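K.L.:
When you line the sequence shown up against mature numbering (1 follows the signal peptide of the UniProt record, and there is no 0), it's residues -22 to -1, 1 to 146, in that order.
In short, the hints are calculated from the structure, not lab data.
Computed from a predicted structure; not experimentally measured.
Any given hint could be a false lead.
[Claimed, not checked] In silico lysine-lysine, DSS-like type, Cα no more than 27 Å apart, as pairs:
#1 Lys39 x Lys95
#2 Lys101 x Lys114
#3 Lys95 x Lys38
#4 Lys31 x Lys95
#5 Lys101 x Lys39
#6 Lys99 x Lys114
#7 Lys101 x Lys31
#8 Lys114 x Lys31
#9 Lys114 x Lys39
#10 Lys95 x Lys114
#11 Lys31 x Lys99
#12 Lys99 x Lys38
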Amino acid sequence: MRKTLTALAVAGAFFGAPLASATPHPTPHVSETSAAPIAAPYPDSSLASVQVKEAFATAKKTGRKVLLDFGANWCPDCRMLAGVFALPDAQGWLESQFVIVPVNVDRFTHNMDIALKYGVKVKAIPTVILLTAEGKPLNGDASLALGNARTMSPQATLDLISSWNQRG
């Protein structure tokens, strides 16, 4: 009986450990309980192609991944997601892991080809694609998962991005 309890205690300690502690760059704990929406997080849509190209060049030089955030300034969930990205605890971690490019799709009339290049069709916004520096999508199956950013806590948002980050 004692051996069984000891084995259970060891297994519980091992399997109960948070996944983030096993990663070299754990997801930060976000102390803020909510984020404020950012008024205009998406730059002019004409800049996207150049910014995406530059992001991949930077990612290759720095060993980071690329996070493409497809959205629009009129979109409440997009603005809330930008607010999470701007939180001090989140911003440092995100910038250490990713080169982030906010891609303005306007009214689904601009930059749709950029997402298609990585196998993702923008059906709703925000659509977030996490890519390796070589352009391999890591979350194509879940690119719409942050579409309800208004209802997600900042911690849940970062935890989801962290789970995608661990795929590659």
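K.L.:
State for each hint whether it applies.
P.N.:
Hints, one by one, checked against the model:
1. Among the hinted pairs, Lys39 with Lys95 is consistent with the structure: their alpha-carbon atoms are about 22 Å apart, no more than 27 Å.
2. Among the hinted pairs, Lys101 with Lys114 is consistent with the structure: their alpha-carbon atoms are about 20 Å apart, no more than 27 Å.
3. Between Lys95 and Lys38 the alpha-carbon distance is near 18 Å, which keeps this suggested pair within the 27 Å criterion.
4. Straight-line distance between C-alpha atoms of Lys31 and Lys95 comes to about 12 Å, which keeps the hinted pair within the 27 Å bound.
5. As the CA atoms of Lys101 and Lys39 are separated by approximately 32 Å, the hinted pair breaks the 27 Å bound.
6. Simply put, Lys99 and Lys114 have alpha-carbon atoms about 15 Å apart, close enough for the 27 Å limit, and the pair holds.
7. In summary, the hint linking Lys101 to Lys31 is supported, as the alpha carbons are separated by about 23 Å, within the 27 Å threshold.
8. Taking the CA atoms of Lys114 and Lys31, the gap is near 14 Å; set against the 27 Å cutoff, the hint holds.
9. With a CA separation close to 16 Å, the supplied pair Lys114 and Lys39 stays within the 27 Å bound.
10. Pair hint Lys95 plus Lys114 holds up; C-alpha atoms about 10 Å apart against a cutoff of 27 Å.
11. Proximity of Lys31 to Lys99 is assessed by CA-CA distance (about 19 Å); at most 27 Å being required, the pair is judged to hold.
12. Proximity of Lys99 to Lys38 is assessed by CA-CA distance (about 25 Å); at most 27 Å being required, the pair is judged to hold.
Of the numbered hints given earlier, the model fails hint 5 alone.
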